[in-house]
Structures are given as structure tokens and as C-alpha cells.
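Trainee: Using UniProt numbering, read the sequence shown as starting at 1 and increasing by one per residue.
FYI, nobody ran anything at the bench for these hints, they're computed from the structure. Idealized CB from N, CA, C, for every residue including glycine. Be careful, since some hints might not be right.
Said to hold, decoys possible - Quick list of simulated restraints, FRET-style, between CB atoms:
id: 1; residue 1: S64; residue 2: P100; range: 14 to 24 angstroms
id: 2; residue 1: H59; residue 2: A101; range: 32 to 42 angstroms
id: 3; residue 1: D62; residue 2: T99; range: 15 to 25 angstroms
id: 4; residue 1: S64; residue 2: A101; range: 18 to 28 angstroms
id: 5; residue 1: W42; residue 2: G65; range: 11 to 21 angstroms
id: 6; residue 1: S64; residue 2: N41; range: 31 to 41 angstroms
id: 7; residue 1: G113; residue 2: G45; range: 25 to 35 angstroms
id: 8; residue 1: Y121; residue 2: Q77; range: 31 to 41 angstroms
id: 9; residue 1: A144; residue 2: D88; range: 39 to 49 angstroms
id: 10; residue 1: R98; residue 2: M1; range: 34 to 44 angstroms
id: 11; residue 1: E131; residue 2: R98; range: 29 to 39 angstroms
To be verified - Under the rule of at most 27 angstroms between Cα atoms (straight-line distance), these lysine-lysine pairs were calculated in the BS3-like manner:
id: 12; residue 1: K105; residue 2: K2
id: 13; residue 1: K139; residue 2: K29
id: 14; residue 1: K139; residue 2: K2
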Amino acid sequence: MKILMVCLGNICRSPLAEGILRHLALQEKLPWEIDSAGTGNWHVGDPPDPRSVKVARLHGIDISGLRGRQFNAQDFQRFHRIYAMDQDNYRNILRHARTPADEAKVQLLLDNGQPVPDPWYDDALFEPVYELIYTACEKIVRTALQH
1 MKILMVCLGN
11 ICRSPLAEGI
21 LRHLALQEKL
31 PWEIDSAGTG
41 NWHVGDPPDP
51 RSVKVARLHG
61 IDISGLRGRQ
71 FNAQDFQRFH
81 RIYAMDQDNY
91 RNILRHARTP
101 ADEAKVQLLL
111 DNGQPVPDPW
121 YDDALFEPVY
131 ELIYTACEKI
141 VRTALQH
């Protein structure tokens, strides 16, 4: 299984999601390829936001080596599933879709349709965002193990 996590800049939410899902998949010995990207290009090549690195580290996950990249149409060929952190990024991803099969690969990370809040402007959001993403990633892993 190849999974891509996508947010706006690829420095806060999606690197956390990549690190968390990779951590959980390794615990379950799932041979998944997990990556992250941003729909914007402002942080291509940049490390994750230090606050994301810190909250991940507090939970035993190291995302400091990740680097930002921009989502592109080739990602539809490379990944089986593409998770968007919010509706804006969901729509931006779908703009690159060429076929209904591409569109079918994209879904919101939170299955209740709610966005994962962007913690960029609020330091206090990093821990709650971590928890939301962790819970969603646990569900992805549990669902895979049941099938």
C-alpha cells in the first residue's frame, strides 16, 4: 500500500501524518510506503515546522528528516490512497485528477468530513492536531488489518 498525506505547505499537518502513519505501520509490520506533500510550493525542500517536530518527538516519532515537496499529478500514479487534511486541499488535489480512478483515491483524513485544523497560527493547536491525526491513522491501520 502506498499512501500520501497532503496539507497546504507540507510542514505542519502532513509531515505529522506521514510520521504517525509510518510509525503505526512499522509497529504492525505493514510494508507500506508513506509520503507527504503540500498543495502549495512555499516550503519545497524545507524541514517540518519545529513545532510539528517537537510534538512528534514528545510521542516518540522523529519527523525531523522529512522535507517538503509539492503535490503533482504523477502522485495519482504512485499512490493508492491520498488523504487531504481539509476541504481546500481536497479540492486542490482533485484539480490534478485526470480520471475517475484518480478522484477515487482522494479522501479527507478525518472520515467525519471535518478538517484537521491548521496549527500554523496557534501553538496550542499542535498537540490536539497530533491527537486527531493519530486517531485517524490508527483507524487506517485497523481497517487494513481487518481486511
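Trainee: Does each hint fit the structure? Answer for all of them.
Mentor: Do the hints match the structure? See the list:
At about 38 angstroms, the CB distance of S64 to P100 disagrees with the hint of 14 to 24 angstroms. Checked against the hint of 32 to 42 angstroms, the pair H59 and A101 passes, with Cβ atoms roughly 35 angstroms apart. For D62 and T99, the Cβ-Cβ distance of about 37 angstroms falls outside the hinted range of 15 to 25 angstroms, so the restraint is violated. The supplied range of 18 to 28 angstroms is broken by S64 and A101, whose beta-carbon atoms lie about 35 angstroms from each other.
Checked against the hint of 11 to 21 angstroms, the C-beta distance between W42 and G65 comes to roughly 20 angstroms, which is consistent with it. Hint check: S64 to N41, Cβ distance near 22 angstroms, so the stated range 31 to 41 angstroms is violated. For G113 and G45, the Cβ-Cβ distance of about 32 angstroms falls inside the hinted range of 25 to 35 angstroms, so the restraint holds. Taken as a hint, the range 31 to 41 angstroms holds for the pair Y121 and Q77, whose Cβ atoms sit roughly 34 angstroms apart.
Between A144 and D88 the CB atoms are about 27 angstroms apart, so this pair departs from the stated range of 39 to 49 angstroms. At roughly 22 angstroms, the beta-carbon separation of R98 and M1 lies outside the given 34 to 44 angstroms, and the hint is violated. For E131 and R98, the hinted distance range of 29 to 39 angstroms is satisfied, since their beta carbons lie about 35 angstroms from each other. Distance restraint check for K105 and K2: the Cα-Cα separation of roughly 11 angstroms lies within the 27 angstroms cut-off, and the hinted pair is therefore satisfied.
Between K139 and K29, the direct Cα distance comes to roughly 16 angstroms. Compliance with the 27 angstroms bound is thereby established for this hinted pair. This hinted pair checks out: K139 and K2 have alpha carbons roughly 16 angstroms apart, not beyond 27 angstroms.
Consistency with the previously given hints fails for numbers 1, 3, 4, 6, 9 and 10, ordered from lowest to highest.
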